[in-house]
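Residue numbers (the numbering used here), protein chains in the order written: chain A, 1 to 344; chain B, 1 to 344.
Derived by calculation from the structure, the hints in this document are not laboratory data.
Be aware that a few hints might be false.
Below, in silico cross-link-like pairs of lysine to any residue (SDA-like), each with a Cα-Cα straight-line distance of 20 Å or less [as the list claims (entries may be wrong)]:
{"hint": "1", "chain 1": "A", "residue 1": "LYS151", "chain 2": "B", "residue 2": "GLY34"}
{"hint": "2", "chain 1": "B", "residue 1": "LYS20", "chain 2": "A", "residue 2": "ASN156"}
{"hint": "3", "chain 1": "A", "residue 1": "LYS246", "chain 2": "B", "residue 2": "GLY34"}
Which residues of chain A face chain B? A partial, calculated answer using Cβ under 8 Å [claimed, not checked]:
{"hint": "4", "residue": "ASN21"}
{"hint": "5", "residue": "ALA43"}
{"hint": "6", "residue": "THR47"}
{"hint": "7", "residue": "SER131"}
{"hint": "8", "residue": "SER132"}
{"hint": "9", "residue": "ILE152"}
{"hint": "10", "residue": "LEU318"}
Computed from the model, here is a short list of chain A residues facing chain B with C-beta under 7 Å [said to hold, decoys possible]:
{"hint": "11", "residue": "ALA38"}
{"hint": "12", "residue": "GLY97"}
{"hint": "13", "residue": "THR198"}
{"hint": "14", "residue": "TYR202"}
{"hint": "15", "residue": "LEU204"}
{"hint": "16", "residue": "LEU208"}
{"hint": "17", "residue": "MET274"}
Everything numeric in this text was worked out from a predicted model, so none of it was measured.
Each residue gets a CB set at the ideal place from its N, CA and C atoms; glycine is no exception.
Protein chains: 2
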Amino acid sequence: MKRTEIASLGEFGLIDHLTKNIELKNTSSEKGVGDDAAVLSYANKKTLVTTDLLLEGIHFDLMYVPLKHLGYKSAVVNFSDIYAMNGQPKQITVSLGISKRFSVEDLELFYEGLSLACQEYGVDLVGGDTSSSLTGMAISVTCIGEGEEGKIVYRNGAKETDLICISGDLGAAFMGLQLLEREKAVYSGETDFQPDFTGKEYLLERQLKPEARKDIVKFLSEEGIVPTSMIDVSDGLSSELKHICKQSKVGCHIYEERIPIDYQTAMMAEQFNMNVSTVALNGGEDYELLFTVPLYLHDKVSKIKGVHVIGHITKEGLGLVMETRDGTEIELKAQGWDSIGEEK
Amino acid sequence: MKRTEIASLGEFGLIDHLTKNIELKNTSSEKGVGDDAAVLSYANKKTLVTTDLLLEGIHFDLMYVPLKHLGYKSAVVNFSDIYAMNGQPKQITVSLGISKRFSVEDLELFYEGLSLACQEYGVDLVGGDTSSSLTGMAISVTCIGEGEEGKIVYRNGAKETDLICISGDLGAAFMGLQLLEREKAVYSGETDFQPDFTGKEYLLERQLKPEARKDIVKFLSEEGIVPTSMIDVSDGLSSELKHICKQSKVGCHIYEERIPIDYQTAMMAEQFNMNVSTVALNGGEDYELLFTVPLYLHDKVSKIKGVHVIGHITKEGLGLVMETRDGTEIELKAQGWDSIGEEK
């Protein structure tokens with residue numbers, strides 16, 4: 001494969017090269033890459049801003065994450081935060097820190113993934129820069145989105161008796177990661193890393209190419225539903241429930257049997273000797289939407305494709321409770337992927 | 001000194017701890033730290049967005065940069081980009097990647113610097129997160145600002161015969177860096193790193209605690225001047241002139257003798273056997289404003305404190321020219337600090 005050294009283009013040449021085909025499509029994007037700042041126009045809307053810093057070895061492993069997928073995922077996980085506010089992502093900026101081992105072609109792949117995500121979600125790339133890094137790759141993404149007055153959904157609005165809803169299914173991305181880590185260990189040292197993932201495609205896709213739930217935000221809007229609280233599941237269901245309950249000053253009661261889990265996730269957890277509910281509660285990186293709606297919306301929300309009602313909100317003093325399959329009530333503990341607490 | 005391990009607080013505990021005293025002051029800041037995204041209200045204004053990724057060993061050296069200064073500088077260099085659009089910075093988000101060698105107290109110092117900068121420039125900290133890093137420290141800052149319709153200044157509006165103006169003086173931050181690097185080499189291995197910097201305070205201040213030119217933007221506004229183009233000097237005067245000329249499709253003619261240089265910068269360059277004009281043209285990190293105004297504004301712009309007229313804009317074909325003290329015309333080459341091209 002062709003390898004063009006980054007030094008041959010220089011910093012400004014590199015950015016020009018990577019961003020030359022970018023067209024701005026959103027009316028709120030007035031000026032993109034190429035000045036001291038991007039210029040946006042959010043005249044009658046609220047502006048939503050979220051940012052993420054992704055570091056090699058902590059948030060991703062380039063041994064099994066293709067750069068194109070990494071570009072896609074870096075963008076999508078930020079879109080997910082904007083949807084979690086009941087908003088629409090409109091612009092992103094991306095800063096990269098890269099070492100000499102990367103070529104121009106590597107970065108082209110990363111930008112391909114980034115552009116694909118932008119295209120599929122209707123987002124403009126309005127800023128980007130690259131600088132060198134002494135060690136691993138660093139990716140900083142900021143996403144700007146729009147929200148409508150009165151329709152922005154925070155984490156703090158859940159009320160007693162509200163229904164707790166979750167989109168999609170949980171735990172698959174975590175099992176995908178376990179699978180990749182296991183194969184990496186097995187194949188360590190071999191140059192031809194081509195394990196057989198037949199029957200596990202869904203797990204890999206959830207880990208390597210997650211999607212943000214734009215569709216759920218759209219369905220909610222079509223049904224005229226504004227959730228009372230919402231958050232995206234990045235650190236695991238338990239952790240996100242804890243955020244909602246803490247900020248809303250409420251408790252919750254969920255049912256283990258109602259937590260949506262895909263067949264492949266269950267199979268894989270079995271193989272790894274893991275409790276599949278623990279995986280679903282604490283795995284993280286699902287990028288599903290967890291939200292609450294008033295009780296009277298039960299029928300309306302239940303008929304939205306891909307949405308499951310898994311429990312309800314209770315009084316603050318009652319804590320975070322899960323009723324297991326055998327009817328026992330246990331307290332939910334957020335063991336979510338807490339990158340700093342876990343650091344070795 | 002007390003050392004509290006970050007693991008003792010965990011990721012969410014750490015962020016709560018570091019951001020607990022933050023108050024939002026700007027009317028455009030509706031919701032800050034603590035949800036999936038910040039919520040801003042830029043109803044009748046344009047939204048400006050700029051972002052920077054700062055990596056240890058590339059953009060800063062913790063051997064001689066105190067963490068409080070680093071926090072201050074990380075914020076200020078982003079404010080500078082917003083001023084360079086003729087805008088006002090209003091919000092920032094900060095993401096940190098940190099290794100185990102940092103304590104909670106270290107991060108408190110960083111946040112102290114950050115908060116001080118926010119206070120002095122009237123900016124709200126509306127988002128922040130921390131995660132672990134396997135190696136050095138990584139800092140990602142996004143700054144959001146407001147611009148008024150019709151008064152935003154880009155890099156592409158310079159016209160033939162426009163005056164080229166620069167605020168402050170150039171090259172001091174670069175000489176400060178040289179000084180720190182020299183002392184670091186001399187004192188390498190000694191535990192008590194206390195060199196004598198008497199008479200060089202200005203150079204160190206420009207390197208360690210730079211300021212953004214909020215005052216110049218205010219003066220311009222008071223005089224009713226909207227520059228035809230503007231950029232902040234982060235990579236060196238030559239490099240920034242090149243950006244303006246390229247995007248405005250013009251050439252420029254500047255006079256070496258008019259480039260503002262502080263006495264300490266000149267003395268230090270002499271000591272280091274460096275050509276002081278080369279330092280001023282290519283040193284970078286000055287965070288001064290380089291801008292152009294129509295010729296008829298000569299008297300008005302000249303009387304603004306701290307602004308120097310250093311030349312004028314010419315036709316595109318004429319290139320970037322500097323007339324030296326002896327009347328020779330030389331072509332300006334941007335040798336600015338190009339972090340990737342220079343990478344070793």
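Taking the hints in turn, this is what the structure says about them:
no., hint, in the structure
1, LYS151/A <-> GLY34/B, "holds (18 Å)"
2, LYS20/B <-> ASN156/A, "holds (17 Å)"
3, LYS246/A <-> GLY34/B, "holds (11 Å)"
4, ASN21, "violated (18 Å)"
5, ALA43, "holds (7 Å)"
6, THR47, "holds (4 Å)"
7, SER131, "holds (5 Å)"
8, SER132, "holds (4 Å)"
9, ILE152, "holds (6 Å)"
10, LEU318, "violated (22 Å)"
11, ALA38, "holds (5 Å)"
12, GLY97, "holds (5 Å)"
13, THR198, "violated (33 Å)"
14, TYR202, "violated (26 Å)"
15, LEU204, "violated (24 Å)"
16, LEU208, "violated (20 Å)"
17, MET274, "violated (23 Å)"
Consistency note: the structure conflicts with the earlier hints numbered 4, 10, 13, 14, 15, 16, 17.
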